[in-house]
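Asks: Protein chains in written order, with my numbering: chain A, 24 to 500; chain B, 5 to 68.
Just so you know, the hints here were simulated from the structure itself, not pulled from any lab data.
Backbone N, C-alpha and C fix where the C-beta goes; we use that ideal spot for every residue, glycine too.
It is possible that some hints are incorrect.
Okay, derived cross-link-like pairs now, DMTMM-like style, lysine to aspartate or glutamate, Cα gap no bigger than 20 Å in a straight line [unchecked claim]:
1) A:K65 to A:D176
2) B:K41 to A:D330
3) B:K41 to A:E350
4) A:K311 to A:D298
5) A:K493 to A:D28
6) B:K55 to A:D28
7) B:K41 to A:E375
8) B:K53 to A:D330
9) A:K327 to A:D298
10) A:K327 to A:E401
11) A:K79 to A:D50
12) A:K65 to A:D53
13) A:K139 to A:D128
14) A:K89 to A:D53
15) A:K140 to A:D176
Just so you have them, the derived chain B footprint on chain A, three or more residues with Cβ under 8 Å [claimed, not checked]:
16) 335-347
17) 386-394
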Amino acid sequence: MAADDLFFSTIGELNARLRARDISARDLVDSFGDRLTALGPKYNALALPLLDAAKKAARDVDGDIKRERFRGPLQGIPWGAKDLLSVKKTVTAWGAKPYASQVFDYTATAVRRLEKKSALLLGKLAMVELAGGPLGYHSAAASVTGPGLNPWDTTRWSGGSSSGSATAVSAGLVTFALGSETVGSIVTPSAFCGVTGLRPTYGLVSRYGAMPLSWTLDKIGPICRCAEDCGRVLEAIAGGDEKDSGSAGKSFYYAPQYARDLKMLHAGFAAVDFDEWAEPAARLDFAKALDTLRAMGLQFVPAKLPDFPYGPMITAILGSEAAAIFEPLVASGQVNQLADQKQIAGFHAALELPAVAYLNAMRLRRTMQQALRQLLSEIDVLVAPARFGPANKVSEPLDQPGDPNRQMPKDPGLTALVAAGNLAGLPALVVPCGFADGMPIAIQIVGRAFTENTLLAIGREFQNRTDWHKRRPPTLT
Amino acid sequence: MTRRELAAFLVASPALAAPAQSAPESAPPEDQLAREKREIRETVARLAKAKLDIAEEPAFRFQA
Numbered sequence: 024m025a026a027d028d029l030f031f032s033t034i035g036e037l038n039a040r041l042r043a044r045d046i047s048a049r050d051l052v053d054s055f056g057d058r059l060t061a062l063g064p065k066y067n068a069l070a071l072p073l074l075d076a077a078k079k080a081a082r083d084v085d086g087d088i089k090r091e092r093f094r095g096p097l098q099g100i101p102w103g104a105k106d107l108l109s110v111k112k113t114v115t116a117w118g119a120k121p122y123a124s125q126v127f128d129y130t131a132t133a134v135r136r137l138e139k140k141s142a143l144l145l146g147k148l149a150m151v152e153l154a155g156g157p158l159g160y161h162s163a164a165a166s167v168t169g170p171g172l173n174p175w176d177t178t179r180w181s182g183g184s185s186s187g188s189a190t191a192v193s194a195g196l197v198t199f200a201l202g203s204e205t206v207g208s209i210v211t212p213s214a215f216c217g218v219t220g221l222r223p224t225y226g227l228v229s230r231y232g233a234m235p236l237s238w239t240l241d242k243i244g245p246i247c248r249c250a251e252d253c254g255r256v257l258e259a260i261a262g263g264d265e266k267d268s269g270s271a272g273k274s275f276y277y278a279p280q281y282a283r284d285l286k287m288l289h290a291g292f293a294a295v296d297f298d299e300w301a302e303p304a305a306r307l308d309f310a311k312a313l314d315t316l317r318a319m320g321l322q323f324v325p326a327k328l329p330d331f332p333y334g335p336m337i338t339a340i341l342g343s344e345a346a347a348i349f350e351p352l353v354a355s356g357q358v359n360q361l362a363d364q365k366q367i368a369g370f371h372a373a374l375e376l377p378a379v380a381y382l383n384a385m386r387l388r389r390t391m392q393q394a395l396r397q398l399l400s401e402i403d404v405l406v407a408p409a410r411f412g413p414a415n416k417v418s419e420p421l422d423q424p425g426d427p428n429r430q431m432p433k434d435p436g437l438t439a440l441v442a443a444g445n446l447a448g449l450p451a452l453v454v455p456c457g458f459a460d461g462m463p464i465a466i467q468i469v470g471r472a473f474t475e476n477t478l479l480a481i482g483r484e485f486q487n488r489t490d491w492h493k494r495r496p497p498t499l500t
Numbered sequence: 005m006t007r008r009e010l011a012a013f014l015v016a017s018p019a020l021a022a023p024a025q026s027a028p029e030s031a032p033p034e035d036q037l038a039r040e041k042r043e044i045r046e047t048v049a050r051l052a053k054a055k056l057d058i059a060e061e062p063a064f065r066f067q068a
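If we strip away everything but chain B, and leave its shape as in the complex, we get (with noise of 0.2 Å):
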């Protein structure tokens, strides 16, 4: 595109042309942290409830 439809773009899209303002930049705060590793763990606590034969090997393919 050339400079000036660059331009007359960046005016139209605000989100753009100052992406900064939609970013804080800043960690998250401790709560959130903390609902996010209590997720993974009642994730893990889940998945350790789940019935799995000891010779259940991992997929990595996809068969039709």
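Chain A on its own, in the form it takes in the complex (with noise of 0.2 Å):
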């Protein structure tokens, strides 16, 4: 096997491996932590490396297989987390300067779950600054670590808030990662950096130790190399946790073979979406990946989402909850020393939104979600380009219309389906479907909440009919 084929394995390689004992988690953590350390910063994706740790736990995990004792697929793979996520007695600095030297002394649920799984923790991930903050940002430098710089051509962005999770894996650097999503910043960066991402339904990963930005908004999710690790990673992480009080008190087991027969299924699309919504250089790919899910057996349907304020709504939850929870940095100041002036203001700005634009906002997403469930009570799932193009240029400003000049649709087809997810707490599977601009795309595939394993069958069935999710970036093959 050369030694790139090591860096792209699957979590099901690298396992049948290290239980053949044709390698071992010190040889992982050597070769990945030495890449994580030389290519990580390339891209402004590390956030900090973590060796020492994992290499005396690789002994452990070396020291287990000698003796037969096997503890499951993620035994012995090197993984990283973003750095929203606490390990204990380690700097945690959520992307951001005022955080910069944040130490807690307990770890979080999701790391501690993986560390009980064997796994090895190689290093935090760099992110967008607190993940965004409450209305956004407006340069891909919104970050202590720099911009996100994508592996398949690092004058584009990687997409965010998960920035370095999707690029980590993206590049060979670790072979999963963790990232999170308030709105979006598990399906972005997947999208753009050409990974595989699973938004877990709301409540069914404890964000227990990790930096919240809305209570009622936050997941934590894995980014992979495939739908299969995305299932077995989620599988770890995922149950009740007392100390998230968003926890559903679920688990989750993945079975994709006890998933419901794929021509069963009805799939609701919008076909506007990838006739028109989408970049010119992207609709023949869209179009070949619906071809490819019809041939698998969905049965495709047209569907719409209901008519609600879903951009309105976001601000008035995200920005009330995130106003609330980063109120003291905004008192002392210290939130002028975030990197992107639009979040500065937004931080400002949230504060003054009234307590009735808040409840209004819940009470409406109340409905919306009654709206949503009748939805899907007819449709198994909805499908929609992840993003409608390619990763934007890192120079790009995020907050405003690309092509001035394009005629944009009348019909909003699913537009709205990131944000209505997201409001509802809906499971979102992200797929790499092909290029445009030589930069990856992807689909996204929404379903009713806890339907995990039904996504993951979809995506399987859809990557071993394709091999977009096996490209590598050019620039490191």
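The task is to assemble the complex, starting from two chains supplied on their own in separate frames and drawing on the hints.
Replies: Structure, rendered in structure tokens:
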């Protein structure tokens, strides 16, 4: 096996080699650790290496494997954590200068659960400062580690806010990573970097020990090489946790073999998303992706989202909750140390959101959830582009429309699916499906709450029929 | 990580070695603040237009 193949192996492939003692956990830490520390800074993807602890843990793993004490598919697998997840006695900076020396005396539940499965944490991965704040950010450079650079083209953005997590998987610096999503922070970087990301149902994965941005929107999920790996990681990190008041108290067992026959599934979609909203360079591969899903047996039916002011609802809910969480940061004046002026202004402005706006948004959210539940009682999944085109240039502002000359369609299609899915707490799987302008593009598959196995079964079969998820950034092959 | 590893890492990662360079440490300009506040006002106005039953309570739980 070539050295590069090691770095782009799946969890299952590495686990098989470890169990066969073809390679040791220490070998993996050394190889991936060298690569992470050499290439991670090149992409501004690394927040903090944790190699000493990983080497110590690898010794234990190798001892266990020698004694044939196998602890599941994640045993000995190198991974990275978004730097909003606390690891006891190490710096957890949340991507932001005011927190550059912050140290917690406890470890996040999701990290601890991976430790229990003997996965090897190699480091903390870079992120957009404070996961984007209450009203978003202007520039890709909104991070203490600089702009996330895309391994497919370093003049382009990696996406955010889980920038380092998607980059590190895409560039073969770790085998999998954890990211988080409030509104799009797993979906966007996974799509831009050509990796497979899973946003779990709200409450399935504990947020204890993770930076809160919005108590009612935050989710933690895996970013991996393939849907199968996402299932394995989700099984390890899911489960009830009394330390997270939003915990659903449910476990997850990855069992795609028991998912419904794909030929029985109805997939809602809006043709306008693929034919008109999608950037012209992306339309051919999006169309092929739909063809593949049809060939798998999915029955496509036209769908549209219930009519709600999704954008203002997100602004009111995320803005109010983030303002409450970070009010001390604003009051202290340290908010002005953030790298992005829009984000600084957003924190100041969000404090002026009236309580009535928050409560009305939450009341609307309830009726919206009911309407979406009704839609998903007739349709099993919704399918749409994860993003309508490839990653932005790093130099482009993120808060302005791309091409002012482009005529946008009047039909909204499912353009609000990321906002709607997050407001309703629904799971989404992001699967690479081709290229536009030499950059990866992806589809998102959104399902009912707690139907991750259905999404993963679709993703797995899609990846059995395509090889987009196996492509590697050209500068690295 | 050892002190040597840390030093090598910081050299390789200029943004971490000198984080102050990427942070303005200044309040946002007035026009930026005005834009964000305008967005808040528009948000409030659009939410006010939405039809809500008087009995509708806020959602705090997510169920399957």
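Asks: Now tell me if each hint is right for this structure.
Replies: Here is how each hint holds up against the structure:
1. A:K65 to A:D176: Cα-Cα ~12 Å, so holds.
2. B:K41 to A:D330: Between K41 (chain B) and D330 (chain A) the Cα gap is close to 25 Å, so the pair fails against 20 Å, i.e. violated.
3. B:K41 to A:E350: holds (16 Å)
4. A:K311 to A:D298: holds (12 Å)
5. A:K493 to A:D28: holds (11 Å)
6. B:K55 to A:D28: At roughly 56 Å apart (the allowed maximum being 20 Å), D28 (chain A) and K55 (chain B) break the hint.
7. B:K41 to A:E375: Distance of about 8 Å is within 20 Å: holds.
8. B:K53 to A:D330: The given pair, whose Cα atoms are some 13 Å apart, holds under the 20 Å limit.
9. A:K327 to A:D298: holds (15 Å)
10. A:K327 to A:E401: holds (12 Å)
11. A:K79 to A:D50: holds (12 Å)
12. A:K65 to A:D53: Answer holds: K65 (chain A) to D53 (chain A) is near 19 Å, not above 20 Å.
13. A:K139 to A:D128: holds (18 Å)
14. A:K89 to A:D53: Holds: K89 (chain A) and D53 (chain A) sit about 19 Å apart, inside 20 Å.
15. A:K140 to A:D176: Outside the cut-off at roughly 35 Å; violated.
16. 335-347: holds (count 5)
17. 386-394: holds (count 6)
Of the numbered hints listed earlier, those contradicted by the structure are 2, 6 and 15.
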